[in-house]
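Novice: Letter by letter, the chains look like this.
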Amino acid sequence: MSENNEHHDEHGHDAGHHVNYFKIYVILLILFLISVVGPEVGEATGLRWITLITAFGIAVVKARLVVNNFMHLAWEKRIMKWVLATSLVLMLIMVSGISPDVMNHEGQRWENIAAKAEVERGLAYAAGYAEEESEAEPEVMVAAAFSAESSFGQICATCHGVGGAGDGAAGAALNPPPANFTDPAFWADPARDRDRVITVIRDGAAAVGGSALMAPWGALYTEEQLEQVADYVMSFRPDAD
Amino acid sequence: MAHARPIATTRSATGIPTPRLAVWWILASEVVIFGGLLGVYLMHRIGHPEWAEAASHTQTWIGAINTFVLLTSSFTCVLAHQAAEKGNGKEAAKLLGFTILGALMFLMIKSYEWTTEILAGYTITSNTFWSFYYTAAGLHALHVIAGAIIMGFVAVDAFRGRELHRVEIIGIYWHFVDVVWIFLFPLLYIAK
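Line order of the protein sequences matches chains A and B. Count the first sequence with the working numbering and you get residues 1 to 241, in order. Count the second sequence with the working numbering and you get residues 1 to 192, in order.
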């Protein structure tokens, strides 16, 4: 597109170049109309390539017209084209470098659970939205079945260990170490009742003067679920029934 | 020598006038800023089919009107450059005025658009699509605002016949802002 200008002259910049700006403007407007109408046609006919070409192909053509004829890059010294091209290439290297991680949600030895869950949640929400076709409340989709045991296993066990003995992998480096719920000495303090356990899970241990390393998890649970998790924690007591 | 000009404005190893060299360097960095943002958006868009639902709520006709407004403002801006090259500062200032008018129209339309969307509950924290939408369009709008302000100063000077070469410099920047929108339009409004 760029080199087709009949007045192309590498050194002619300051001498003035006779671009017919109005003609370029009219071409841009025509291309703009195609880029609006094209995708409509693409959608109506179900031919996705029409949408892609008219939307993005034409954007590239329009951008080149503006860059070459309005910004006069076609007449600019060659070094500036190289500077801009370098910038563009570096950007494309960055984007393509991270593209496998962003665009795929699983690979040979990894899986992006969060992204997959997000896609599922979003699609379910979109389906629900389409059904109701009204101003449906954007409610958060909660996993149907809640179990205190599995929640403890996923979240608490990281530090407190699956068996509640304070021997989770992530807890090894913590100081003070994570509480050991199987230790009678831990429960010897009469203040450690059910309400206190609920408070610590909801607001973090710092809320009762304990270590800030025990983070608040209240945002994850309903009040009822908090009670269930607390009961599960209490079940590690050596003297529990 | 009391009024000697700083060396930076008179020296040019590339043969390109320093102000123009400077604006090209700015744009080279802008390519990375906008390119990176839009590239990452595009990858997420492809990796997340559920974004189609969110994207279907953008208002194509508003985006289209704004595309028309920016294209037209680019046209008046390049005409201003043409007038400045002929030494006609008053004409250049008038045409820059039209360009600023275009910038203001663009911003007013964008304000209306964002207001309707925010009132409908689509905010920057709604989901990742809307985060990208407001970030990309917002960053672009900041460039429109900056360009319009600088253009005001250039136009006032040009009207008095001073620093006419600056008309070209702000023009190059303005066309770049137009080019960014040329890509934002299909990315945010058309591909659904």
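No lab work stands behind these hints: they were computed from the structure. Quick reminder that beta carbons are idealized off the backbone N, C-alpha and C, glycines included. Watch out, some of these pointers could steer you wrong.
Residues of chain A placed beyond 12 Å of chain B at every Cβ, according to the derived structure [claimed, not checked]:
1. 40
2. 48
3. 55
4. 63
5. 108
6. 153
7. 167
8. 186
9. 189
10. 192
11. 208
Some chain A residues judged to face chain B by a derived CB distance under 10 Å, without partners named [claimed, not checked]:
12. 54
13. 73
14. 113
15. 119
16. 150
17. 211
18. 217
Novice: All hints, please: hold or fail.
Specialist: Structure-based check of all given hints:
1. Under the 12 Å C-beta cut-off, the non-interface status given to residue 40(A) relative to chain B is violated; the minimum distance is some 9 Å.
2. Interface exclusion of residue 48(A) from chain B breaks down, the closest Cβ pair being 10 Å apart, not more than 12 Å.
3. Some Cβ of chain B comes within 12 Å of the Cβ of residue 55(A); the nearest lies about 4 Å off, and the non-interface call is violated.
4. Annotated as non-interface, residue 63(A) brings its C-beta within 12 Å of a C-beta of chain B; the closest such distance is 5 Å.
5. With a cut of 12 Å on Cβ distances, residue 108(A) stays outside the contact zone with chain B, its closest approach being about 18 Å.
6. Chain B leaves residue 153(A) outside its interface by the beta-carbon criterion, the shortest separation being 28 Å against a cut-off of 12 Å.
7. The non-interface label for residue 167(A) is consistent with chain B: the shortest C-beta to C-beta separation is roughly 37 Å, beyond 12 Å.
8. For residue 186(A), the requirement that its beta carbon stay farther than 12 Å from each beta carbon of chain B is met, with the minimum near 40 Å.
9. Distance check on residue 189(A): its Cβ is at least 41 Å (rounded) from any Cβ of chain B, clearing the 12 Å threshold; non-interface status holds.
10. No beta-carbon of chain B comes within 12 Å of the beta-carbon of residue 192(A); the shortest separation is about 38 Å.
11. With a minimum CB-CB distance of about 31 Å to chain B, residue 208(A) clears the 12 Å threshold, and the non-interface call stands.
12. The interface hint given for residue 54(A) is met, as the beta carbon of that residue sits about 8 Å from the closest beta carbon of chain B, less than 10 Å.
13. Because the closest C-beta pair between residue 73(A) and chain B is about 9 Å apart, less than 10 Å, the hint holds.
14. Using the Cβ-Cβ criterion of 10 Å, the hint placing residue 113(A) at the interface with chain B is not satisfied: the shortest such distance is roughly 14 Å.
15. Interface hint at residue 119(A): satisfied, since its Cβ lies 5 Å from the closest Cβ of chain B, which is below the 10 Å cut-off.
16. Hint status for residue 150(A) relative to chain B: violated, with the closest Cβ pair at about 26 Å, above 10 Å.
17. A cut of 10 Å between beta carbons decides the hint on residue 211(A): the least distance to chain B is about 31 Å, and the hint is violated.
18. The closest approach between the C-beta of residue 217(A) and any C-beta of chain B is roughly 21 Å, which is over the 10 Å cut-off, so the hint fails.
Violated hints for the displayed structure, listed by number in ascending order: 1, 2, 3, 4, 14, 16, 17 and 18.
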